[in-house]
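Novice: The chain contents come next:
2 protein chains.
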Amino acid sequence: MHSMDGCNNQSVYSHIACCAQLGMILEVSSSPKPGNIDRHHDYEDTRYEHFLASAVSVHPVIEAAARNDSRVGALLKNAVCHSNSWQSGGNTHFGAFLLLIPLSMAAGELLGSGKKFDMDELVARAHEIVCSTDTDDAIDFYKAFRSAGVRVNDVDEFDLQDDSSFVSLREEGLTLYDLMVISQGYDQIANEWVSGFGDCVKCARMLDRFMDVSGDGALIPDINHAVVFSFLKLLSDRPDTFIRTKTDENTAEEVSYQAKCIVSKLESSGYHMSPFWDDVGKFDELLLEKGLNPGSTADIIIAGLFISLLGGLRF
Amino acid sequence: MHSMDGCNNQSVYSHIACCAQLGMILEVSSSPKPGNIDRHHDYEDTRYEHFLASAVSVHPVIEAAARNDSRVGALLKNAVCHSNSWQSGGNTHFGAFLLLIPLSMAAGELLGSGKKFDMDELVARAHEIVCSTDTDDAIDFYKAFRSAGVRVNDVDEFDLQDDSSFVSLREEGLTLYDLMVISQGYDQIANEWVSGFGDCVKCARMLDRFMDVSGDGALIPDINHAVVFSFLKLLSDRPDTFIRTKTDENTAEEVSYQAKCIVSKLESSGYHMSPFWDDVGKFDELLLEKGLNPGSTADIIIAGLFISLLGGLRF
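Same order as they appear, the protein sequences are chains E and B. Note that this note's numbering numbers the first sequence so that position 293 is 316, with each residue one more than the last. Note that this note's numbering numbers the second sequence so that position 71 is 94, with each residue one more than the last.
Hints are supplied without guarantee of correctness; some may be wrong.
As the list makes no split between identical chains, a pair holds if one copy fits it or if it spans any two.
Here are the simulated SDA-like cross-link-like pairs (lysine to any residue), alpha carbons at most 25 Å apart as the crow flies [as the list claims (entries may be wrong)]:
id, residue 1, residue 2
1, Lys-305, Thr-69
2, Lys-166, Arg-337
3, Lys-305, Asp-65
4, Lys-166, Phe-338
5, Lys-305, His-64
These are computed hints drawn from the structure, not numbers from a lab. Owing to the predicted nature of the structure, the values given are computational and were not obtained by experimental measurement.
The shape of chain E in the complex, shown without the other chains (with noise of 0.2 Å):
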């Protein structure tokens, strides 16, 4: 069987979940990424470490969600059980896969079927996906939740500590992407869900302007740099939704502006490095001082790194 790369021995499938597992390793790599584990951060439970061996665990599920073996929520909890089952440092990359299980799905769609990789078409076919989720979803996605520890955000409109939670979820016959829409106004990835994923693509387009895979020009021709600048630039733009669940929305509107003014430097000075690297360390301190980690944002530049190496990202 010849692969995607032009090497024996690998099906589409498995591709699509070696592109995941580097879009989870790229991310957490990056470093100084401010107020995120990082290679050169970890946090008092969870360590650097913990997040490879998450994102290595994945692959089976990932390569199953490609070839559309299963559904979203099932999937979901697979994800969680084997992250949980390689390493001990709690929740790692509930959000991430929140977003690359139904894009790996309709990446699976999409080349299984000998079809060129197209960024919109690929985002497209992965809403249909996420709008087609049905009860059972919603239950796995709890169910999920719960054995991932994710920090529940107090405005959450069921108890997921409860079982008596799925009852009132059948009867009113919630989907997953209802409990979605419901989500959206303070949960990026739900926000992902509703909108198409128009973050994650703009997040691929930025890396891949940056990594030059268009032949143009690099501008930051080094993987690090471009997935640390993408994650200034997205945080930038969006006010992250795990620091506002940890504190309020000021405090996640004053990390994005503080964001927002090392991309700006960075952007007139014509994307010197050295002074920015500077500016980006001194940002990391502070917010790893005030436990403030733009968790969220981190999802998304996964998502982003994903559909990117997918499109043929190399380094």
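Assemble the complex: chain E is given as a structure, and chain B must be docked to it using the hints.
Specialist: Leaving out everything else, chain B in the frame of chain E:
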């Protein structure tokens, strides 16, 4: 399909491939790992991210090895093909592939037939597999060697740049195992093939002991520390043949002597970390300055991590 780790969707063959990926990723991430690329150190043309991409890229090849879909030489050639097509940093894992491929073939046979993991049985079967290689494997090895861009040892018996060497291989009926017998005195990887993967097992047992896989109380309950110490211990016991090839025997022995001094201090201090890390950091700087990288030691650590992860090492 139920997997090795109790979740759905994973075959034992894909599980074996994930263990190989994580072994490569943990090895290159561990820091300070004297003289080698790690999460804090790049070389000029080869970066940390090149190793990450290479490790991710070979999932399908290791899975094919575990399924015994192909022969050692063809798998090796294909592993190099995948690694090269995902990253442009040159040779990253050629020595590691030479160890991981027969070990994965053995693991696939044993675990695929429902047997429980047994370290001794695993390497015994891997030794039978390498003993049964043939001249086609030898030719594929040379082709892979060329395309990986590995530094050619000046005492090699055959001119690798010349296709006529294949003719003489055929005429002499030399197998890949025969080539390893010829090289065993000056190449640690060849020596592992011939001796039955003894140092790989030694590393796996060290990692298991440090990480307390048996539950007797961990000496170094931290995966980064455990890998760095296993690396130093192996380096102190065996002069690195990659250093020897690039410089000379005395230099390789001097590096091992320096490693032995650090290991002795650590052992006699009851594994207290703080003074140990200072010494390791200085040793790392010294080797990096001199361009001495113990690459063969790193390859064996990867195989040790692979065996430990297969056996249940988690963190």
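Novice: Taking the hints in turn, state whether each one holds.
Specialist: Going through the hints against the structure:
For a Cα distance limit of 25 Å, the shortest separation of Lys-305 from Thr-69 inside one copy, 22 Å, qualifies, whereas the shortest one across copies, 28 Å, does not. For the homomeric pair Lys-166 and Arg-337, the shortest alpha-carbon distance between copies (24 Å) is at most 25 Å, but the shortest distance inside one copy (36 Å) is not. Taking the closest pair of Cα atoms, Lys-305 and Asp-65 come within 25 Å of each other both inside a single copy (17 Å) and across two copies (23 Å). When the C-alpha separation of Lys-166 and Phe-338 is checked against a cutoff of 25 Å, the pair qualifies only between copies, where the shortest distance is 24 Å, while the shortest distance within a copy is 38 Å.
For the identical chains of this complex, Lys-305 and His-64 are neighbours both inside a copy (14 Å) and across copies (21 Å), given an alpha-carbon limit of 25 Å.
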